[in-house]
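J.: Okay, here's what each chain looks like letter by letter:
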Amino acid sequence: MTTPDLEYDRSLLDKEFPAGTFHVESERILAYCEAVGETDPIYTDEAAARRSGFRSLVAPPGFCNLLERASARPNIHLKFSGIGLHHWQAFESFAPIQAGDVLEAKTRLVNVYARPGRTGHSAVVVWETTFTNQEGSLVASVQSSFLTRPRPTAGGA
Amino acid sequence: MGHGDVRYAEDVQVGEKLGPLEKMLTTEMVTRFCQAWGNAMPNRFTDDEVARKDGLPAAIAPGAMTMAIVANLLTMWARNGQVRRLETLFRRPVRHNQQLRLVGEVRAKRVVEGEDQLECDVDLQQEDGETVVTGSAVLILPSRAGATPS
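Same order as they appear, the protein sequences are chains A and B.
If you read the first sequence in this note's numbering, its first letter stands for residue 35, the second for the next number, and so on.
If you read the second sequence in this note's numbering, its first letter stands for residue 7, the second for the next number, and so on.
Certain hints may be false.
Cβ-to-Cβ under 7 Å is the rule here; a few derived chain B residues that face chain A [what the hints assert, rightly or not]: (1) Met35; (2) Ala42; (3) Trp43; (4) Met73; (5) Val89; (6) Glu93; (7) Thr94; (8) Leu95; (9) Phe96.
Residues from chain B that keep clear of chain A, each with C-beta distances beyond 12 Å, as calculated [said to hold, decoys possible]: (10) Arg13; (11) Glu16; (12) Val20; (13) Gly25; (14) Pro26; (15) Glu34; (16) Gly44; (17) Asn45; (18) Gln104; (19) Glu111; (20) Val112; (21) Arg113; (22) Gly120; (23) Glu133; (24) Arg150; (25) Gly152.
Keeping only pairs whose Cα atoms sit at most 20 Å apart, straight-line, the calculated DMTMM-like set for lysine to aspartate or glutamate is [to be verified]: (26) A:Lys113 - B:Asp60; (27) B:Lys115 - B:Glu16; (28) B:Lys115 - A:Glu126.
Simulated from the structure, these hints should not be mistaken for laboratory data.
Each residue gets a CB set at the ideal place from its N, CA and C atoms; glycine is no exception.
Extracted from the complex, chain B is given alone in its bound form (with noise of 0.2 Å):
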């Protein structure tokens, strides 16, 4: 299986699409995420009574694991990228076991201080289409010019 694409700041133009990336966060990723993050459980991303408590609908992915999607949309994209930036609001709750959507476009290409930089816009869409999570990155991307030969 592919890790992403190598791309190059010379090759990518504005307007040019990112993804779609298919995802899903499964309850068994949430309990690992919850584990690493040191939260004590059940809590409101692990258990449906607690986020019922909490008046949330239903357990949900929390914000930082739908982030992290979200900055995979950009390293599958371009593996050899940094993220330098991402901002993303949190519209609706994003609940488990649902096939995720990520997509994202190209904005603006810049070079700042010899770094070639380029303004993503990301989504994340549920199955249903709404767009839960939204969002915008700053992407460093290296030049053919710099690169070195691997």
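Chain A with its partners taken away, still in its complex shape (with noise of 0.2 Å):
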């Protein structure tokens, strides 16, 4: 099986490209704990936050992920059509998030690629997302792989 020449912008490739301001709010903070059922006071109530040496409520590890998932991506125009997949996800954390930081996010395209499977190749695109806070320091850097499947034809595969 030889694999096929993936169609896209690959002027893209290796560029980075503006992904959006994020103004860390605590409802927001609020918002994810509730929706992943993080319970921990540092994470849910500022006064605890303080009391630990921080200056506010502090985002939960994985918050970045929410932040990259709401950032703007430039289109590559892949010519692949199927079912999309979530395939692949990693995040650094370098320090921590806190409400009240503005987060300038930037991404780059850093891989698209060909992935033999049973029901035929499958199209994989790569990006990195870095956001670097109000003071200059990167914060965290999440990068992703997404997915594209054939979809299986009729009678099954």
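Two chains, two separate frames, one set of hints: put the complex together.
T.: If you want it as structure tokens, here you go:
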């Protein structure tokens, strides 16, 4: 089986694009905590967060994933249709994200490749998004990979 | 209700287990997550019909949500730890409203630039026992030597 050449806008590869400005509000941290069942007071109670030495409410690990999902990306014009799935994700956290932070997101198309599978090749698109706070510190980096799988043919493959 | 355990690097052995932690992602939680995310609804995460049109068996939990509860396994195990890195492979779509089980294991211990790092394997299993999300994490733990008494 030969690997197909995927058609997409290759001029976007490895370039950095602005992906949005995020004002981190307590409400959004609290909504995230409620949605994922996080109950630790440093993430849900500002007074407790301050007692632990933080300036304000702290975002739980993984909160950067929510911002990453809300960030803007250029259209790569991938010519491949099928079932889109979130395939893999990694985040790195370098400093706490706290309520009141203003984060600048930047995104970069890391890789686009064909992946062999039982029902034919899938297309995988990998992005890296970084978040820098108002002090210029890199606080988090998120890599995510999305896979488009061909739809099964009628009658099943 | 407890919010996790306090742990120091010196007390952790390679091979030590994390969890199990039982969690459920309800349809209500998924809806709340999509609101916080700003994703237009109905979508494949909140609506079975949309999910089927997208080729999925039913509405699923977003990957970022399953990753959040994997992170929760780490912070429940060591609430004074810091999740430096978490990587997950989404092996199967995760349906709502089922009993999920999180388990992990400490695979390695090392000191990097004065930081005590643990490398952990983490898995999310659905109610039939199948591993639906699998990954690894780097967790930073404080050391007893460097701890300030509280």
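J.: Determine for every hint whether it applies to the structure shown.
T.: Results for each hint:
{"no.": "1", "hint": "Met35", "in the structure": "holds (5 Å)"}
{"no.": "2", "hint": "Ala42", "in the structure": "holds (4 Å)"}
{"no.": "3", "hint": "Trp43", "in the structure": "holds (5 Å)"}
{"no.": "4", "hint": "Met73", "in the structure": "holds (5 Å)"}
{"no.": "5", "hint": "Val89", "in the structure": "holds (4 Å)"}
{"no.": "6", "hint": "Glu93", "in the structure": "holds (4 Å)"}
{"no.": "7", "hint": "Thr94", "in the structure": "holds (6 Å)"}
{"no.": "8", "hint": "Leu95", "in the structure": "holds (5 Å)"}
{"no.": "9", "hint": "Phe96", "in the structure": "holds (5 Å)"}
{"no.": "10", "hint": "Arg13", "in the structure": "holds (14 Å)"}
{"no.": "11", "hint": "Glu16", "in the structure": "holds (22 Å)"}
{"no.": "12", "hint": "Val20", "in the structure": "holds (22 Å)"}
{"no.": "13", "hint": "Gly25", "in the structure": "holds (15 Å)"}
{"no.": "14", "hint": "Pro26", "in the structure": "holds (15 Å)"}
{"no.": "15", "hint": "Glu34", "in the structure": "violated (9 Å)"}
{"no.": "16", "hint": "Gly44", "in the structure": "violated (5 Å)"}
{"no.": "17", "hint": "Asn45", "in the structure": "violated (7 Å)"}
{"no.": "18", "hint": "Gln104", "in the structure": "holds (14 Å)"}
{"no.": "19", "hint": "Glu111", "in the structure": "holds (19 Å)"}
{"no.": "20", "hint": "Val112", "in the structure": "holds (17 Å)"}
{"no.": "21", "hint": "Arg113", "in the structure": "holds (16 Å)"}
{"no.": "22", "hint": "Gly120", "in the structure": "holds (16 Å)"}
{"no.": "23", "hint": "Glu133", "in the structure": "holds (17 Å)"}
{"no.": "24", "hint": "Arg150", "in the structure": "holds (19 Å)"}
{"no.": "25", "hint": "Gly152", "in the structure": "holds (15 Å)"}
{"no.": "26", "hint": "A:Lys113 - B:Asp60", "in the structure": "holds (17 Å)"}
{"no.": "27", "hint": "B:Lys115 - B:Glu16", "in the structure": "holds (10 Å)"}
{"no.": "28", "hint": "B:Lys115 - A:Glu126", "in the structure": "holds (18 Å)"}
Hint compliance for this structure: hints 15, 16 and 17 are not met, and every other hint is.
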